[in-house]
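Generate the whole structure from the sequences, applying the supplied hints.
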Amino acid sequence: MADLDFEKLVEDYHMPLYRFALSLSRKESDAADLTQQTFYLWASKGHQLRDASKVKTWLFTSLYREFLGRQRQQARFTDAENSAELISAQSVPASVVNQLDGKIVRQALLGLDDIYRAPLALFYLDQQSYREIAEVLKIPIGTVMSRISRGKAELRRTLTDERGQA
Amino acid sequence: MEKERAQSILSVYRPDNQDETDPFFAEARAELARNPELARWFEEEQAFDRAISEKLADLVAPFGLKTRILANATPIATRQWSWTTRFALAAAALFLLAQILGLWRTHSQKTRTLAHYQQEMVSFIKLDPPLEVESHDLAKMQTWLGQENAPSKMDLPPRLAALQPVGCRVLWFRDHKVTLLCFQRGGDNLAHLFVIDRAALPKLKPGAKPVCTGEGEWMTASWAKEDHAYMLVTRGDRDTLMRYLNDT
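So the protein lines, in turn, are chains A and B.
Its first residue numbered 1, the first sequence is counted upward by one per residue in my numbering.
Its first residue numbered 1, the second sequence is counted upward by one per residue in my numbering.
Calculated from the structure, these hints are not laboratory results.
Bear in mind the structure is a predicted one, so any value in this text is a computation, not a measurement.
Ideal placement from N, C-alpha and C gives every residue a C-beta, glycine not left out.
Wrong hints could be hidden among the right ones.
Derived lysine-lysine pairs resembling DSS-like cross-links, with alpha carbons at most 30 angstroms apart [as the list claims (entries may be wrong)]:
1. Lys103(A) / Lys66(B)
2. Lys225(B) / Lys66(B)
3. Lys177(B) / Lys225(B)
4. Lys153(B) / Lys177(B)
5. Lys177(B) / Lys103(A)
6. Lys66(B) / Lys56(A)
7. Lys140(B) / Lys103(A)
8. Lys27(A) / Lys153(B)
9. Lys205(B) / Lys225(B)
10. Lys8(A) / Lys126(B)
11. Lys8(A) / Lys66(B)
12. Lys66(B) / Lys138(A)
13. Lys56(A) / Lys177(B)
14. Lys3(B) / Lys138(A)
One side only, chain B facing chain A, incomplete, derived with CB under 7 angstroms [said to hold, decoys possible]:
15. Ser11
16. Val12
17. Ile52
18. Val170
Covered stretches of chain B, as calculated for chain A (at least 3 residues, CB under 8 angstroms) [said to hold, decoys possible]:
19. 15-29
20. 58-67
Here's what the structure looks like:
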């Protein structure tokens, strides 16, 4: 993996990694630190990766682990997931979203519970597939589907509330 | 296939048919042709996903992050070498490192000019950046900036200090934290003040008159005072900007 151009790697991935980090940490300075730390990890450990096609997953997974390591609140994840009610797929037209300010949509995403925010961020911000999301977050595909489905429902509910208050 | 199962699968189908060839979705997609209600739901779901993605597309990394990453991480290359080769490589690497560090320093100094700083900071405010603290209380913001180890004890020109602050955030420029303070100056117009450690812009000398430069529709004025370098940015002409700095 030494053949990979580090500067090119940073050029290609620093933006999507930062966006993912921001969705996790909700704070720009922490997101910048997480992104930097991920590349630092790559610089020191990336050579151990044998499959060049896994670089993207390696970077996102490392960032996610770094975030979890810093947060150390996994217990809250489990509790939140277990207590989550089944949310009906209420319909919020795309036209409603189009009328909203980007900042409001961003805040709505950042306001979601951690277990929904991480998969949704990968889905919306980086257009990652369900398989890639499962690999990055180290969760089964079925869990990815349920978290994205419920996360979208939560997002719709928040956006509907925002629109109601506007 | 049950409708709920199909919905669950199709909820992870990415917009613009990115997953068209993935067999995982084949059965659920076939169900769309048989179930008009499901098809309507899917169409709306895809439109919703596209709309959310577009709304989130303006999320960008702070300027200087890439430089900061490259400056702080050097990849390790690995191979199995004999000890003599390793020794020779280590010696060569030390020599090269010294050369590279010298080059990097030169490059870093070249890209640490006031023009680069102006360009990057103005590019940033053109994107209408989100503020990390929204407040009218300057003291409160200074406390927060201090906690973030960003420039917080600044000496504001009196006419600028008379404006109402609206918020602040922290940026990066070549390993230095930059404070951005925004002030309301009537209507939707803001005055943006960037403050950075003076060491980041060594050519800006304290006591000298502000350096004014136009950057598209934006006008910038930069000056140094004690330990900080300041840059005020407003939309409009030079006179509009200098109105706030006549006492500097």
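Consistency of the hints with the structure:
no.: 1; hint: Lys103(A) / Lys66(B); verdict: holds (24 angstroms)
no.: 2; hint: Lys225(B) / Lys66(B); verdict: holds (29 angstroms)
no.: 3; hint: Lys177(B) / Lys225(B); verdict: holds (17 angstroms)
no.: 4; hint: Lys153(B) / Lys177(B); verdict: holds (13 angstroms)
no.: 5; hint: Lys177(B) / Lys103(A); verdict: holds (24 angstroms)
no.: 6; hint: Lys66(B) / Lys56(A); verdict: holds (17 angstroms)
no.: 7; hint: Lys140(B) / Lys103(A); verdict: holds (23 angstroms)
no.: 8; hint: Lys27(A) / Lys153(B); verdict: holds (23 angstroms)
no.: 9; hint: Lys205(B) / Lys225(B); verdict: holds (8 angstroms)
no.: 10; hint: Lys8(A) / Lys126(B); verdict: holds (26 angstroms)
no.: 11; hint: Lys8(A) / Lys66(B); verdict: holds (11 angstroms)
no.: 12; hint: Lys66(B) / Lys138(A); verdict: holds (27 angstroms)
no.: 13; hint: Lys56(A) / Lys177(B); verdict: holds (29 angstroms)
no.: 14; hint: Lys3(B) / Lys138(A); verdict: holds (27 angstroms)
no.: 15; hint: Ser11; verdict: holds (4 angstroms)
no.: 16; hint: Val12; verdict: holds (4 angstroms)
no.: 17; hint: Ile52; verdict: holds (5 angstroms)
no.: 18; hint: Val170; verdict: holds (6 angstroms)
no.: 19; hint: 15-29; verdict: holds (count 5)
no.: 20; hint: 58-67; verdict: holds (count 7)
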